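Residue-level listing of the chains:
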Amino acid sequence: MTFQAVYTSEEKIKEIRNQFPILKEKINGKPLIYFDNAATTQKPQTVIDAIVNYYSHQNANIHRGVHTLSQKATDAYEYARKKVATFINAPKSEQIIFTRGTTESINLVAFSYARAFLNEGDEIIISALEHHSNIVPWQMVCEEKNLQLKVIPINDKGELLMDAYESLLSNKTKIVAVNHISNALGTINPIKTIISKAHAFGAVVLIDGAQSVSHLKIDVQTLNCDFFAFSGHKMFASTGVGVLYGKEELLNKMPPFMGGGDMIKTVTFEKTEYNELPHKFEAGTPHIEAGITIANAIEYIESVGFEFIMEHEQHLLQYATQKISEIERIKIIGTAAHKASVLSFIVQEIHPYDIGVLLDKMGIAVRTGHHCTQPIMDRFCIPGTVRASFAFYNTLEEIDIFIESLKKAIAMLK
Amino acid sequence: MEFEKRQKEIIDEFEFLTDWMEKYEHIIELGKSLPLIEEKYKTDDNIIKGCQSRVWLHADLNNGKVIYTADSDAIITKGMIALMIRALSGLTPDEIINAELHFIDKIGLKEHLSPTRSNGLLSMIKQMKLYAIAFKAKQTN
Chain S
1 MTFQAVYTSE EKIKEIRNQF PILKEKINGK PLIYFDNAAT TQKPQTVIDA IVNYYSHQNA
61 NIHRGVHTLS QKATDAYEYA RKKVATFINA PKSEQIIFTR GTTESINLVA FSYARAFLNE
121 GDEIIISALE HHSNIVPWQM VCEEKNLQLK VIPINDKGEL LMDAYESLLS NKTKIVAVNH
181 ISNALGTINP IKTIISKAHA FGAVVLIDGA QSVSHLKIDV QTLNCDFFAF SGHKMFASTG
241 VGVLYGKEEL LNKMPPFMGG GDMIKTVTFE KTEYNELPHK FEAGTPHIEA GITIANAIEY
301 IESVGFEFIM EHEQHLLQYA TQKISEIERI KIIGTAAHKA SVLSFIVQEI HPYDIGVLLD
361 KMGIAVRTGH HCTQPIMDRF CIPGTVRASF AFYNTLEEID IFIESLKKAI AMLK
Chain P
415 MEFEKRQKEI IDEFEFLTDW MEKYEHIIEL GKSLPLIEEK YKTDDNIIKG CQSRVWLHAD
475 LNNGKVIYTA DSDAIITKGM IALMIRALSG LTPDEIINAE LHFIDKIGLK EHLSPTRSNG
535 LLSMIKQMKL YAIAFKAKQT N
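As they're listed, the protein sequences go chains S and P.
According to the numbering used here, the first sequence is numbered sequentially starting from 1.
According to the numbering used here, the second sequence is numbered sequentially starting from 415.
These are calculated hints, taken from the structure and not from any lab test.
If you're wondering where the values come from, they're calculated on a predicted model, not measured in any experiment.
Among the clues, some could well be false.
So the derived list for chain P, only partly shown, Cβ under 8 Å to chain S, looks like this [claimed, not checked]:
id, residue
1, L431
2, T432
3, W434
4, Y438
5, E439
6, H440
7, A488
8, I521
9, L523
Each residue gets a CB set at the ideal place from its N, CA and C atoms; glycine is no exception.
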């Protein structure tokens, strides 16, 4: 990297950080260092402004009113849907279903698609890297319908064993549901290969993209996935909104997941005719302003640019990995060849919780625990890890402070 | 009252600790002095599950006084338990039932009782009181 390039990126990060008011907060008297981005990201001013603007100038219920405000709110909400479609290159905006988050998106597919179209003896494949939200819904539907749940194992680096995956696939496989990036370990999974191999057996594939949308450019058509799920709050938008993308023919044949207003065409006590996509899956008044903020978040991400995001985050990951490896008794959990900016580790003989408490005292927000991935922790025979996860607004200086603070915490806990 | 005396002692002791580091170093030290639960009582029945650190608690009634022993896999949690045990162990069931534990707030460690901490401490206090209630019921029967 040339000096000029470093200078430019430093300037750019400074400008970016100015857009996130929370980064100026002090925690326990210290400047906040926010390394819990895999749990939720902070919000840029444009997203915060959009929420205020919505309640100041747009608030009305959507899709129903003939009055101007309702139209304004509906337009803003539907604009966000179009933005999402373009962002992940979905063929039509009707294929974008707004949900409460990734969890609800996955549940929608489990309880609509799997419940309607899978039969006793059919198999669903997930991986050992899944978040509980991509395990439990499938277990529930498996129990209900007598289906088999198969799990792709991982190696000691936290990478999926692709040979084992291939041997799990058969004509009985109806659904493959895996994450794009592991929230606990940061592993980037070879989803394109996973998808094409599943399709060879006629299975549909759901990708849990909760951890990838803010780090990698997603193109659902190139991936050729059948479903893609993610959350707004992990990509700089407000909490309470998520997305399910699905192939049109699949969404069309799927029964509704929830009943209520907005998802119907006509209702009589004898029969209800369901609405068309995407409204068929969006019963009730949604989290309107959260949905709207997705558009602002996408515009913001695009203004920063994925090229910069990927380069800077990889730089942060490499720097932090190198620095932390120099500390005695540290063991990094998750050393896959392809990793997103997630650094999960344990300190031998010290409980992750103790590290988390002391880092918090020094103004550093990390996640400790099992990260809703207990099977991964069991696989590595540990109670949990300390996880530092970086976003593009984080800096090398913050990593330096984190490393020094971590050393201090370890010294106290020895 | 014995409990109030103990509570005041703890508050006074922490007053001398000025910054967070001293405070936590003290808690970590206290963790090492925790009256440990016997291994045979470290069972699933005696475990108080927090999301993150686990706590084991056992209680005996000895001459009308409740004696607690405990353990945790996290040292800071262990230190916090040691404080609770110091405040409550060896008191009568009635004293424990009526004890208002405000010292945690006073010594600036209230955050450890927040449900988001998931350290099992809040459930542990509840469990300590439940033991006292159970022992009291047994005594009066």
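Does the interface hint hold: is A488 (chain P) within less than 8 Å of chain S, judged Cβ to Cβ?
-> holds (4 Å)
Are L431 (chain P) and chain S close enough, Cβ to Cβ, to be under 8 Å, as the hint says?
-> It is violated, given that the least Cβ distance between L431 (chain P) and chain S is near 13 Å, above 8 Å.
Holds or violated: is the Cβ of H440 (chain P) closer than 8 Å to a Cβ in chain S?
-> Constraint on H440 (chain P) not satisfied, violated at 11 Å.
Have a go at the L523 (chain P) hint: is there a Cβ in chain S nearer than 8 Å to its own Cβ?
-> This interface hint is violated because 10 Å lies over the 8 Å limit.
Does the nearest C-beta of chain S fall within a distance shorter than 8 Å of the C-beta of E439 (chain P)?
-> Since chain S brings a Cβ to about 6 Å from E439 (chain P), closer than 8 Å, the hint holds.
Status of the W434 (chain P) interface restraint (C-beta, 8 Å, chain S) | With Cβ-Cβ at 5 Å, under 8 Å, it holds.
Under 8 Å, Cβ to Cβ, is where I521 (chain P) needs to be relative to chain S, so tell me if that hint holds or is violated.
-> With a minimum Cβ separation of about 15 Å from chain S (threshold 8 Å), the hint on I521 (chain P) is violated.
Does the CB of Y438 (chain P) sit less than 8 Å away from some CB of chain S?
-> holds (6 Å)
Against chain S, with CB atoms and a cut of 8 Å, does the hint on T432 (chain P) hold up?
-> violated (13 Å)
Going down the numbered hints, you'll see the structure goes against 1, 2, 6, 8, 9, while the others check out.
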